[in-house]
Amino acid sequence: MRASFPLLLVPLMTLIFLTPVHLRGSEEWMEEDDGERRYSGEEARNGSEILVQLGGTALLPCTLAHLLLLSPEDGDQVSWIRRRDLHLLTVGAGAYSGDSRFIPVKGRHSSTWALEISRVEKGDEGVYECQLPTYPPQSLFLRLRVIEAEAEITGGRDQVHVMSGSKLELTCVLRQATQSPEFLFWYRGDTLLNFRNDRPDLAVKTKGFSSVLTIERARKEDSGNYSCVPDKAKPASVLVHVIHGENPAPMQQKGGGGTLWERKTLFGLLTYIFVFSVIR
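Under mature numbering (1 follows the signal peptide of the UniProt record, and there is no 0), the letters of the sequence shown match residues -23 to -1, 1 to 257, in that order.
In case anyone wonders, no lab produced these hints; they're calculated from the structure.
There are no misleading hints in this set.
Taking lysine-lysine and the DSS-like style, the derived pairs with C-alpha atoms no more than 25 Å apart in a straight line are:
hint : residue 1 : residue 2
1    : 211       : 99
2    : 182       : 211
3    : 144       : 197
Computed beta-carbon distance windows for the label pairs:
hint : residue 1 : residue 2 : range
4    : 193       : 153       : 26 to 34 Å
5    : 141       : 96        : 44 to 52 Å
6    : 96        : 144       : 36 to 44 Å
7    : 62        : 180       : 46 to 54 Å
8    : 193       : 125       : 32 to 40 Å
Quick reminder that beta carbons are idealized off the backbone N, C-alpha and C, glycines included.
Given only the sequences and the hints, what does the whole structure look like? Please build it.
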């Protein structure tokens, strides 16, 4: 590294935050023919705020126009620094943090580098600096904000009543999510519903940030607590009553996330892996 490249001595006048620009820091990448991922999102301004959900992957782009003017050798000296403790995270393709979650990712241009943070934690929030190997140093400051995604079963009710023999449809959507879930499981009580081959009238369709559970002809035994348990997000539940006649059965209030959702997520994921390993 050049002696004229003082990593940590940045003039205070460069720390100027403009009106924050909110960018989704999880879905701005594309895989090119060489197998490497390149940043393909919008350009970040100084002071931009990158939003990422808890447990997801944050991608902080360093897209200063000055980068395009750097030689490939200078581009390999672009560094990322965590401002709260002035910890040097990456320089070019090299990672200098003991935390393997922080890695550099090459951008579309050979002189452009971005910072990837996997399995994001709440403690990762704060300001990150992309510093260019110029004299005097030039920097881009980005603020990472970690939000917690949560599931919601639409309809705004804790309970649903449906007549026996009629159609039951539950829709689960993810709120505050910056990336679509790798998996999303539906349960009735502790019973996983995604792979019920014994119920041809039961279907689960998941796409993007939502999932729909459908039972074409509801039965009395379909009554119970239904939970939507997505990856990296709080679950949601609703109490379903399948009733005969006009008068609903006695009700018990039930709402919010299930207390067993961590166990359900693990069980569902293992089932998912087993089913698809058999299919393959």
